[in-house]
Amino acid sequence: MTTFPKDSILVLIETTPSGELARSAAGLLGAAARVGTPVALLVGESATAAAASEAAGAIGAKHVLTADPEGGASQLAVPVVDALAAAAALVHPDAILLSNSVNGRDVAGRFAARTRSALAVDAVGISRDEEGIVAHHSVYGGAYSVDCAPTFGAPVITVREGSIDDRAEAASPETTALDVPPSGVPAASIQSFEAQAVVSNRPELRGAAKVVAGGRGLTSQEQFALVDQLADVLGAAVGASRAAVDAGWVPNSYQVGQTGISVSPQLYVALGVSGAIQHRAGMQTAKTIVAINKDPDAPIFEIADFGVVGDLFDVVPQLIASLSARKE
Amino acid sequence: MKIVVLMKEVPDTYGERKLNLETGLADRGASDAVLDEIGERALELALSRAASIDNAEITVVSMAPETATTTLRKALAMGADRLVHIADVNLVGADLGLTAEVLAAAIRRTGFDLVIAGNLSTDGYGGVLPAMIAELLGVPYASALASVDIAGDRISGTRETDGGVMTVAAALPAVISITERFPAGRFPNFKGIMAAKKKPVETLTAADLDIDPEALDTPRSIMLAVSERPARAAGTKIVDEGDAGEKLAEFLIQNRLA
Ligand SMILES: Cc1cc2nc3c(=O)[nH]c(=O)nc-3n(C[C@H](O)[C@H](O)[C@H](O)COP(=O)(O)OP(=O)(O)OC[C@H]3O[C@@H](n4cnc5c(N)ncnc54)[C@H](O)[C@@H]3O)c2cc1C
Ligand SMILES: Nc1ncnc2c1ncn2[C@@H]1O[C@H](COP(=O)(O)O)[C@@H](O)[C@H]1O
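These protein sequence lines are chains C and B, in that order.
If you count the first sequence from 1, position 83 lands on 82 in numbering that gives the first Met the number 0, and the numbers rise without skipping.
If you count the second sequence from 1, position 78 lands on 77 in numbering that gives the first Met the number 0, and the numbers rise without skipping.
Bound conformation, chain C alone (with noise of 0.2 Å):
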């Protein structure tokens, strides 16, 4: 029976329905490398294949644990949990790192509910110190910075996808394959999934280094494309203003701000946004942040640190068309 290091951290690594591991695993096992042994965690009939530990090796897990539940593919939640348990009862790790996404949370709710253990969520940083470890948080849009830790025990902590650079070092892994006994507790189930397309090769929006954002000054779904058409120039992501998600101009995963993604790339570029408090929660601990913006009172302008007052539709086609010809 393989026996786990004493600083062994289990990270919980989500797998796409085909089996390739989801984008926040590098960065997880980054962080866990950081503080001690990263032991993954594979769940799924997917992540059972000996590509996908071979995946988790090379970016940086030392042990690879993998589990195919009971009601693995058809219900929420609750089978990766007792997969999750098996995992933590035969690892006792220093502490559990999920991806703070939608399912990374849930899963990692019920757990810390289920074995009582100390929870932080949303941590853009982790270490160790003399106790044990702390999560670092960034708080009220990166305003205060806050470090917690539990009283005792193993910490559950969810990670802010993007937030981390450190990446561990390749290792060829020893799997073991989990038997997981069912909680039998109720789940939801899942009826059917459509996975959104992939539109674009555009880099994705949490942990990128350049962002260009659209708002409501946009003024239509066709005009928006505009953003795209900078953001491409730039190589950067897309993003938008809760106005523009809401007006159905771009899908919600678009959303930067209090209520959706938090990005702190080197580059902001924020067009006809008018930077409500909501909105620079989201993105104001970027490195460098530009509005082009044609209300010179707008908000935005507060913490830009390049702002053009001016109609974005005669700026933007200017800055596109200068920074192209440039690149001849």
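Because the hints were derived from the structure by calculation, they are not lab data.
Predicted, not measured: the structure shown is a model, and the values here were computed from it.
Don't take every hint at face value.
As the list claims (entries may be wrong) - Here are the simulated DSBU-like cross-link-like pairs (lysine-lysine), alpha carbons at most 35 Å apart as the crow flies:
| no. | chain 1 | residue 1 | chain 2 | residue 2 |
| --- | --- | --- | --- | --- |
| 1 | B | 196 | B | 1 |
| 2 | B | 236 | C | 326 |
| 3 | C | 286 | B | 17 |
| 4 | B | 198 | B | 17 |
| 5 | C | 326 | C | 286 |
| 6 | B | 236 | C | 286 |
| 7 | B | 246 | C | 286 |
| 8 | C | 326 | B | 1 |
| 9 | B | 1 | C | 293 |
Stated by the list, open to error - Computed footprint of chain B on chain C; a stretch qualifies when at least three of its residues, placed anywhere within it, have a C-beta under 8 Å from a C-beta of chain B:
| no. | region |
| --- | --- |
| 10 | 31–45 |
| 11 | 141–153 |
| 12 | 162–173 |
| 13 | 183–192 |
| 14 | 209–215 |
| 15 | 279–292 |
Virtual Cβ for every residue (Gly too), placed ideally from N, Cα, C.
For this one, chain C is given, so just place chain B with the ligands on it according to the hints.
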């Protein structure tokens, strides 16, 4: 059908929100307190469906300081039937685990067929409480729903995840959480405000729920340190005179951002 709506009092996001640098807790004096917008959407969902549900009774359950009563009464004015308010000085600064235990106990005491929560509150960095509560109650949890169908003893709906859209279903009793794609809460009218004055409000302490907030046998998450980031300052601002696009291109190139 007994519907419980979980609502929270939060600092108004339109104002400057502050953390007390000594306690790490929200500085309640620094900004106005309001009902969290997502909670109002959750209540709106319950109110809008109540007419088509047999014997619908809507109870708002909230854990919040005593001073939150006025804020929470707005939920009654919007149309909720009753309020269960857990207020206890020993619960100030409660971590997620303790909050979930308290809310689950209050929900159980109230009785429920369907619990409706928001997917994410605007003050915590949470989005986990409904899952924790579902586990403690031993019921299904359908999270992050963008649409909901309540029929008989079943709920179904579409769920937004990162990878796509899922259709999910659960037998009642169950917990669900909704996203802000649901319509905003209605404004209370005069009639509602008057009616609210006569609606039952139950105030509970942790002891009423058989919970000892100071028990040391369960691990709790504690704050070790809090620090404030310096505020951002504005930089250059130019008015477009026909060449702002070129000037901006220049700025981006000079700063190696393009
Ligand atoms: C609890 C809560 C949570 C929220 N969460 C979020 C969130 O996560 N993300 C978010 O974005 N919002 C959020 N909001 C909403 C937020 O308050 C604003 O309503 C929203 O951000 C406004 O979006 P906007 O800037 O696109 O629109 P507006 O505020 O309408 O601004 C449009 C701007 O475009 C400018 N403009 C118009 N035409 C042009 C043109 N031709 N050229 C240049 N400029 C032009 C206008 O001057 C204006 O400043 C939240 C609100 C609440 C209450
Ligand atoms: N103190 C509280 N009282 C009642 N409901 C709460 C409380 N905290 C959180 N909730 C519910 O849980 C949802 C998610 O909150 P959170 O986990 O804090 O993001 C909220 O939208 C509420 O419905």
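The hints, checked one at a time:
Distance restraint check for residue 196(B) and residue 1(B): the Cα-Cα separation of roughly 21 Å lies within the 35 Å cut-off, and the hinted pair is therefore satisfied. Among the hinted pairs, residue 236(B) with residue 326(C) is consistent with the structure: their alpha-carbon atoms are about 25 Å apart, no more than 35 Å. A threshold of 35 Å between alpha carbons decides the hint, and for residue 286(C) with residue 17(B) the separation of about 23 Å falls inside it, so the pair holds. For the given pair, residue 198(B) sits about 34 Å from residue 17(B) by alpha-carbon distance, which is consistent with the 35 Å threshold.
Between residue 326(C) and residue 286(C), the direct Cα distance comes to roughly 23 Å. Compliance with the 35 Å bound is thereby established for this hinted pair. Restraint check for residue 236(B) and residue 286(C): satisfied, since their Cα atoms lie roughly 17 Å apart, inside the 35 Å limit. Distance restraint check for residue 246(B) and residue 286(C): the Cα-Cα separation of roughly 19 Å lies within the 35 Å cut-off, and the hinted pair is therefore satisfied. Our distance criterion of 35 Å between C-alpha atoms is broken by residue 326(C) and residue 1(B), whose separation comes to about 64 Å.
At most 35 Å may separate the alpha-carbon atoms for a hinted pair to count; residue 1(B) and residue 293(C) exceed this at roughly 50 Å. Figure legend: the region 31–45 of chain C, annotated as covered by chain B; annotation inconsistent (0 residues with Cβ-Cβ distances under 8 Å, at least 3 required). Counting residues of the region 141–153 of chain C whose beta-carbon sits less than 8 Å from any beta-carbon of chain B gives 12, enough to reach three: the coverage restraint holds. For the region 162–173 of chain C, the assignment as covered by chain B is violated, since 0 residues bring a beta-carbon within under 8 Å of that chain's beta-carbons and 3 are needed.
Residues of the region 183–192 of chain C with a Cβ under 8 Å from some Cβ of chain B number 9, which satisfies the need for three, so the listed coverage holds. Counting residues of the region 209–215 of chain C whose beta carbon lies closer than 8 Å to any beta carbon of chain B gives 1, which falls below the threshold of three, so the coverage claim is violated. Given as covered by chain B, the region 279–292 of chain C passes the check, having 7 residues with a CB less than 8 Å from a CB of that chain where 3 are the minimum.
Checked against the numbered hints given earlier, the structure breaks hints 8, 9, 10, 12 and 14 and satisfies all the rest.
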